[in-house]
Every structure is written in C-alpha cells, then in structure tokens.
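Engineer: Sequence:
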Amino acid sequence: MLSLLSSLILSQAIPTPTPTPQPQTIVESQEMRVLPGELDSVLVFNSNSPEVVQKEGILLSTFPPTGKQVPSAHLNQAFSGRFDIFAHHIAKALTPTDLRTLYLGVIANNPGTEPITIDILQAASYLSQPDAPFIPLPSSIGNDDGLQFSGPGSRAVGEVLRGLRQDIFPAQIVIPPGESRMLMNLPIPVSTLSPPLNGRSTLMRLRSTGKVYLASLGMFAKQNPDGTEREPNLQEWETLL
1 MLSLLSSLIL
11 SQAIPTPTPT
21 PQPQTIVESQ
31 EMRVLPGELD
41 SVLVFNSNSP
51 EVVQKEGILL
61 STFPPTGKQV
71 PSAHLNQAFS
81 GRFDIFAHHI
91 AKALTPTDLR
101 TLYLGVIANN
111 PGTEPITIDI
121 LQAASYLSQP
131 DAPFIPLPSS
141 IGNDDGLQFS
151 GPGSRAVGEV
161 LRGLRQDIFP
171 AQIVIPPGES
181 RMLMNLPIPV
191 STLSPPLNGR
201 STLMRLRSTG
211 KVYLASLGMF
221 AKQNPDGTER
231 EPNLQEWETL
241 L
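Heads up, the sequence shown is in this note's numbering, so the first residue is 1 and it goes up one at a time.
Quick caveat, the hints were computed from the structure, so don't treat them as lab data. Where a beta carbon is used, it is the ideal one built from N, C-alpha and C, also for glycine. There could be a bad hint or two in this list.
Label-pair distances were calculated between CB atoms; the ranges are [what the hints assert, rightly or not]: (1) 167 x 29: 50 to 58 angstroms; (2) 233 x 51: 22 to 30 angstroms; (3) 137 x 168: 22 to 30 angstroms; (4) 37 x 135: 25 to 33 angstroms; (5) 94 x 233: 23 to 31 angstroms; (6) 233 x 167: 19 to 27 angstroms; (7) 224 x 192: 17 to 25 angstroms.
Simulated crosslink set (SDA-like; lysine to any residue; CA at most 20 angstroms straight-line) [as the list claims (entries may be wrong)]: (8) 211 x 171; (9) 55 x 100; (10) 55 x 232; (11) 68 x 58; (12) 211 x 174; (13) 92 x 230; (14) 68 x 238; (15) 222 x 191; (16) 92 x 58; (17) 222 x 234; (18) 211 x 121; (19) 211 x 41; (20) 211 x 66; (21) 211 x 44; (22) 92 x 197; (23) 222 x 233; (24) 55 x 236; (25) 222 x 56; (26) 55 x 223; (27) 55 x 230; (28) 211 x 84.
Produce the entire structure from the sequences given, and follow the hints as far as they go.
Structural biologist: Spelled out as structure tokens, the structure:
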C-alpha cells in the first residue's frame with residue numbers, strides 16, 4: 001500500500017515536458033538597388049607602403065629600372081592620359097631629439113622627345129595635425145558644406161569629389177623632353193607635436209598629353225647655413241631616386 005502511494009505521489013510531482021517549439025522561417029521582402037557609379041579603368045599611383053616613414057628613400061617608383069641604384073625598386077610602368085595619385089604616409093621621429101621635418105615628394109619624368117603637359121584637374125593634400133585630426137563622427141552625418149571630416153584622407157577626398165583643386169597645386173605642369181618635375185613637394189612636420197607624430201594624405205586627379213613615369217620619395221628637410229630648414233630641390237630628389 002505504501003509503495004503504491006509513493007508511486008502515485010511521484011507521478012504527480014514530475015511535470016509533463018513542454019514540447020520543443022519548432023523553428024519557424026520568417027521571410028521579409030526587401031528591395032535591392034544598384035549603387036550609383038561604377039568602377040573605371042583609370043590607373044592609380046597608390047603610395048602607402050611603408051605607411052610610417054622614418055628614413056629617406058623610395059616609397060613607390062614606376063620608373064624603368066635601367067641605370068638606377070636599386071633596379072628592383074622600380075616597376076617600369078608609364079602613365080598616360082587620365083590617372084590618379086593617392087599618397088598617405090606618416091612621419092614619426094626616431095628619437096625625441098630628432099625632430100627633422102620629413103618631406104614627401106612625387107616626381108614625374110618625361111621619357112619622350114616632345115614636351116608633356118600634365119593638367120592637375122583636382123587635388124588636395126592635408127596633414128593630420130593641424131589640418132584634419134582624427135575625431136569620432138556619427139555613423140551618418142550630412143556634409144553638404146564639406147566641413148565634416150575625420151582625418152586628412154577624409155578631407156582631401158571630400159574636396160576632390162567636389163571638383164576642387166587646392167591652391168598649393170598649379171593648374172598645369174609642362175615637362176620638357178627627358179626631364180623631370182615635382183608634382184608635389186610637401187612637408188610632414190613633427191617638431192611642435194607631442195608625441196612627434198604626423199601624417200599627410202594627398203589625392204590628385206590628373207591628365208597628361210603623353211607618357212610619364214612617377215615616383216614618390218621621402219627626404220628630410222635640408223639645412224640652411226643659419227640652421228633653418230628648407231625643402232629639398234629637384235636635383236636632390238633626382239639624386240635620391
């Protein structure tokens with residue numbers, strides 16, 4: 001009798017298992033639209049490696065390797081017609097006392113027998129400090145006035161997309177046969193910054209009337225007799241190349 005009573009109590013105490021719900025498939029329809037624009041075939045000279053530059057030398061070169069100090073550093077790729085230049089590099093002092101200004105240069109060479117004209121259609125170049133510091137922005141923000149940006153690349157690209165050419169760039173450069181000209185020769189200063197770290201981003205849209213070779217290089221500022229700094233000149237860039 002006791003055994004029967006225990007069985008009845010136990011059977012009442014064990015709850016009936018709840019059935020496991022079956023997974024349901026929920027279908028929500030949505031519209032998929034093609035993004036505006038499309039990829040094009042414009043060649044881009046993209047100078048970004050090494051990003052941090054702490055010594056002088058070639059960053060990217062499309063010159064022919066013949067006659068160069070380091071032939072393997074040159075890609076032998078000419079540009080003609082429409083092409084773009086993008087460059088982003090960071091200057092970081094090796095020691096707290098080595099606060100020399102690093103210059104970023106982009107040189108173009110005319111290998112032909114006729115003058116070449118390069119039109120600078122749009123171009124902009126900015127430093128991360130003080131021009132365009134990296135700041136947090138909302139995930140979505142209006143920018144009709146072009147004043148919303150975070151970092152030098154963001155600011156430079158925004159201006160180029162608006163069809164602007166910063167006044168530090170000429171509208172046109174003519175390169176005589178067999179000669180070179182600087183498309184850019186701009187500083188990345190660190191001496192007044194703590195830590196001594198700065199970056200520069202540049203975007204240029206160009207059009208040439210013939211073939212040109214390009215190279216980006218890093219070189220520290222040269223020193224004047226009075227101890228002040230000056231930018232490297234064309235001959236000094238050519239020697240480094």
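Engineer: Hint by hint, say whether it matches the structure.
Structural biologist: A quick look at each hint next to the structure:
1. 167 x 29: 50 to 58 angstroms: Between residue 167 and residue 29, where Cβ atoms are some 51 angstroms apart, the hint holds.
2. 233 x 51: 22 to 30 angstroms: 26 angstroms Cβ-Cβ, so the 22 to 30 angstroms window holds.
3. 137 x 168: 22 to 30 angstroms: Holds: the Cβ-Cβ distance is about 26 angstroms, inside 22 to 30 angstroms.
4. 37 x 135: 25 to 33 angstroms: holds, 27 angstroms
5. 94 x 233: 23 to 31 angstroms: holds, 24 angstroms
6. 233 x 167: 19 to 27 angstroms: holds, 22 angstroms
7. 224 x 192: 17 to 25 angstroms: For residue 224 and residue 192 the Cβ distance comes to about 19 angstroms; the hint holds.
8. 211 x 171: Holds, at roughly 19 angstroms.
9. 55 x 100: holds, 11 angstroms
10. 55 x 232: holds, 15 angstroms
11. 68 x 58: Distance of about 11 angstroms is within 20 angstroms: holds.
12. 211 x 174: Within the cut-off at roughly 13 angstroms; holds.
13. 92 x 230: holds, 19 angstroms
14. 68 x 238: holds, 11 angstroms
15. 222 x 191: Given pair residue 222, residue 191 holds - Cα atoms ~15 angstroms apart, limit 20 angstroms.
16. 92 x 58: With Cα atoms ~17 angstroms apart, residue 92 and residue 58 stay inside 20 angstroms; holds.
17. 222 x 234: holds, 12 angstroms
18. 211 x 121: holds, 17 angstroms
19. 211 x 41: holds, 16 angstroms
20. 211 x 66: Between residue 211 and residue 66 the Cα gap is close to 17 angstroms, so the pair holds against 20 angstroms.
21. 211 x 44: Judged against 20 angstroms, a Cα distance of about 14 angstroms means the pair holds.
22. 92 x 197: holds, 5 angstroms
23. 222 x 233: Holds, because 9 angstroms separates the two Cα atoms, which is no more than 20 angstroms.
24. 55 x 236: At roughly 15 angstroms apart (the allowed maximum being 20 angstroms), residue 236 and residue 55 satisfy the hint.
25. 222 x 56: Judged against 20 angstroms, a Cα distance of about 12 angstroms means the pair holds.
26. 55 x 223: holds, 16 angstroms
27. 55 x 230: holds, 17 angstroms
28. 211 x 84: Answer holds: residue 211 to residue 84 is near 14 angstroms, not above 20 angstroms.
Hint violations for this structure: none, all hints satisfied.
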